[in-house]
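Residue strings, one per chain:
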Amino acid sequence: MECELTLMVMSGIDDGTVRYYSLQQNEGILRDKIWILTLGRNEDNDIMLRQDTFISRYHAKLRLNNGQWQFEDLNSTNGSFQEDPADFFNDERINGTIALEVGQLFRVGRTWLKIGQTQE
Amino acid sequence: MLTEILNAARQESAQMRHYYIGVEHLFIAMLNQRGGITSNLIQDHGFKPEYVIDSLRRKMGKGSKTQTVALGLPTPRADRLIESARRLATKSGRTEPNERDLLVSLLRDGDCLPVRLLKALGLSDMDHLLEAAQAYRLHNDSQQPYVSIEFGPDFDRSKELNNEQLLILRRIFHGYLSIRVDRYLTGGYSEATLVVVTPMASDRRPDAPVVIKIDQGDRIQDEYQRYDSHVRTKLPPLTARVEGRPVSSEMSALAGIKYTLVTDTDLKPKDLRAIINQWDGETLGNWLENTLFPAFGNHWWLQNYPYRFQVWQEYDWMLPPILTLELTKEDPHPTSVRIQVPVRRSRLRSLEYGDSVTVENFVVQKVYPARNAILLAAGPGAASMHARMNAYRIEIRNVDLHRNTHFRGEVIDSITGTVYKTRHEMLAHALSALEPYFDIYTSTIHIPGFSPEYLPNPITRYNLLLDDYLNGSRATIHGDLHPGNIMIGPKESAFLIDFAHTREGHTLFDWANLETSLLCDLFIDDLDDTWDSVIDILREIRVLNKSAEGSNGTHPIHPSLKSIAHIRRIAHQILTATNVFSGTQNPWGEYYMALAFCALRAMSRDTLNIPQRRLMALLAALAINDVTGHLPQNIAGKTPTPDGDDTNYI
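Note that the protein sequences, when read in sequence, are chains U and Z.
Position one of the first sequence corresponds to residue 146 (our numbering), numbered consecutively onward.
Position one of the second sequence corresponds to residue 1254 (our numbering), numbered consecutively onward.
Bear in mind the hints are in silico, worked out from the structure with no lab data behind them.
Glycine included, C-beta positions come from ideal geometry on N, C-alpha and C.
Worth double-checking, as some hints may not be accurate.
[Stated by the list, open to error] In silico SDA-like pairs for lysine to any residue, Cα to Cα no more than 20 angstroms straight-line: (1) Z/K1372 to U/Q249; (2) Z/K1312 to U/N223; (3) Z/K1312 to U/I179; (4) Z/K1312 to U/Q249; (5) Z/K1315 to Z/M1379.
[Said to hold, decoys possible] Here are the computed distance ranges between Cβ atoms for each label pair: (6) Z/K1619 to U/K178: 24 to 30 angstroms; (7) Z/P1595 to U/N187: 32 to 38 angstroms; (8) Z/N1724 to U/I243: 29 to 35 angstroms; (9) U/Q262 to Z/N1614: 35 to 41 angstroms; (10) U/N171 to Z/A1385: 46 to 52 angstroms; (11) Z/T1611 to U/R202: 24 to 30 angstroms; (12) U/L219 to Z/R1858: 27 to 33 angstroms.
I would like the entire structure built from these sequences, with the hints used as guidance.
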């Protein structure tokens, strides 16, 4: 299984930054064929987002399971959100785990992110 | 050019407490360039630049007051944008990028927030916009489209259209030789101007008449968005439709929108108010019940979703602001009362002038630059229903809008001010303006010769009702149903216009609202300056209530009230459809509740004359009395409020 992630920052001070993660570089862990990455403000996260104070120290987990991305909010203080297709200004809070498509926008704290296409 | 835009972007960023320069700030800076390509292009596509700016700010949100990163450097995306603009400039042999270079580069980045916003606003064809940006030539604003405007014989010349309104009309009818403004359509609560206009083709033959609505730009934009999402797919085949995008002008904050009337003849459209005196009560009522109600019923009022709600959720927004606060220079008093959603009204009851209050996580509904004030409301924190988001309005005066940017949709974490006015004071002021013969501060009003002899005083009693639960129904409602918005088309078909308030809401609201406005129109000649003339009509309404409930049929219904009797039959249909009649609770309480709040709102409406407002005050009293009779388990036993005690008013 290809364990690579292209993560694009879509808002805030790092807007336009693209970050790459891969299991080969010892980022995340593989457990039961599921690649798991942690996301938060603390330094020991796989995906560290330091600039947004609305992001919790341990905010969320991203999982790649059989080609499908999943996002889990770890009861973060300021929450994680996805766009409401019916209302651009209303963000829907994510409770627990949701499936995440490549290209789909999601927000942790005040920072919008999206998973980009992995380079072949 | 680039330096100017960068400076403006930096300023925008600082005002939003962002401390970095993103493409959003650059875009706002470009939209703010007077007479620039960006603002003109956006305007040509039907949007006011201010509207786009506020939408963008709303989506970004303000940064926190305690942000530590204070760099003011461009984000990586903004860097790339500027780089790309530089390349475009070099290609055309210029040393510095101009606004067009920046705009073209921005529109090419489909991922950036401004482009996603434009798409969400309905400008889905980015390729077209990009082409337009590349080819755009600034037109000379002194050349207004010349369309000659004449006025028809029915036009009320005592209320002239101003130059800004005329300019909007000329823009809308660009390409016509002349237009004839036939007449005003009036009424309702909005400050909008509605006129019937007949455009003339070059051979001077009149085209089909249309209705033009002119209002503040942001309201017209909202109406257009709402029409697209709520209304467009829910209209009967022959109807009034919004045609084309809104049209705005850089000369004023106004915008206009066009309704075409899809008819099979070119009959001049008439609103219900214009023919009220031509039809007798029975004919009018019959038309409402058997033409208007069925035409929109299936898609609108008969949707009948069961809906249990607390009264404040649907009706608080109709009342005056719950508080008016004033910002003061001094530091806020430490013992301030905090107001958050859910609002506990009982906490506010002891507030007096000068007390310090902190409001947390409310949302800006309106900005009044001329008055230096903003209006807040509960916002999405109070759930997503439209009426609920507008509940618990709080006006803040003395906001220094030059130093603090505020925009619609902004969430204000915390703002502290001192009490300037309470809701109760505003209602008491409205009631005392009617020169009542009774004491406005007692809990009942004595009505000589009336049965019952005492009615609840609406301004001291409405507050109790706000916490009641109703088991009712919700549906798509028009939101501002009154005789000025109901049109009679060919073969007496029913049209509705003005969808600025169309929403999901309490189904009976539309009909209670229509009843109160019809009552004001119907009895305008029967009311004189005595309270007795008001009480006479109230007596007839009492007969109607009994008759509609089926509890008394001996008294004949007053001829003018026959149309209202049909509205009650429509209400009965709605109540029956939700099966409330099968329960033990008398369902009319749900209707009287809606009526009480509609009448209470009309009581302070200055477009009504004093006798009409007196009628509304007593109607509110009667409706509150009748609610009490019909929701015994709620009122007498009183569902405990979150505070256990909420018997006072604010």
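Results of checking the hints against the structure:
1. Z/K1372 to U/Q249: The hint holds at about 16 angstroms.
2. Z/K1312 to U/N223: The hint holds at about 16 angstroms.
3. Z/K1312 to U/I179: violated (35 angstroms)
4. Z/K1312 to U/Q249: Holds, at about 17 angstroms.
5. Z/K1315 to Z/M1379: Violated - the C-alpha atoms of Z/M1379 and Z/K1315 are around 28 angstroms apart, more than 20 angstroms.
6. Z/K1619 to U/K178: 24 to 30 angstroms: Once the Cβ atoms are compared, 55 angstroms apart, the range 24 to 30 angstroms for U/K178 and Z/K1619 is violated.
7. Z/P1595 to U/N187: 32 to 38 angstroms: Taking Cβ atoms as reference, Z/P1595 and U/N187 lie about 34 angstroms apart, which means the hint holds.
8. Z/N1724 to U/I243: 29 to 35 angstroms: Because 34 angstroms falls inside the window, the suggested range holds.
9. U/Q262 to Z/N1614: 35 to 41 angstroms: holds (38 angstroms)
10. U/N171 to Z/A1385: 46 to 52 angstroms: holds (50 angstroms)
11. Z/T1611 to U/R202: 24 to 30 angstroms: holds (29 angstroms)
12. U/L219 to Z/R1858: 27 to 33 angstroms: Given a distance of about 52 angstroms, which is not inside 27 to 33 angstroms, the answer is violated.
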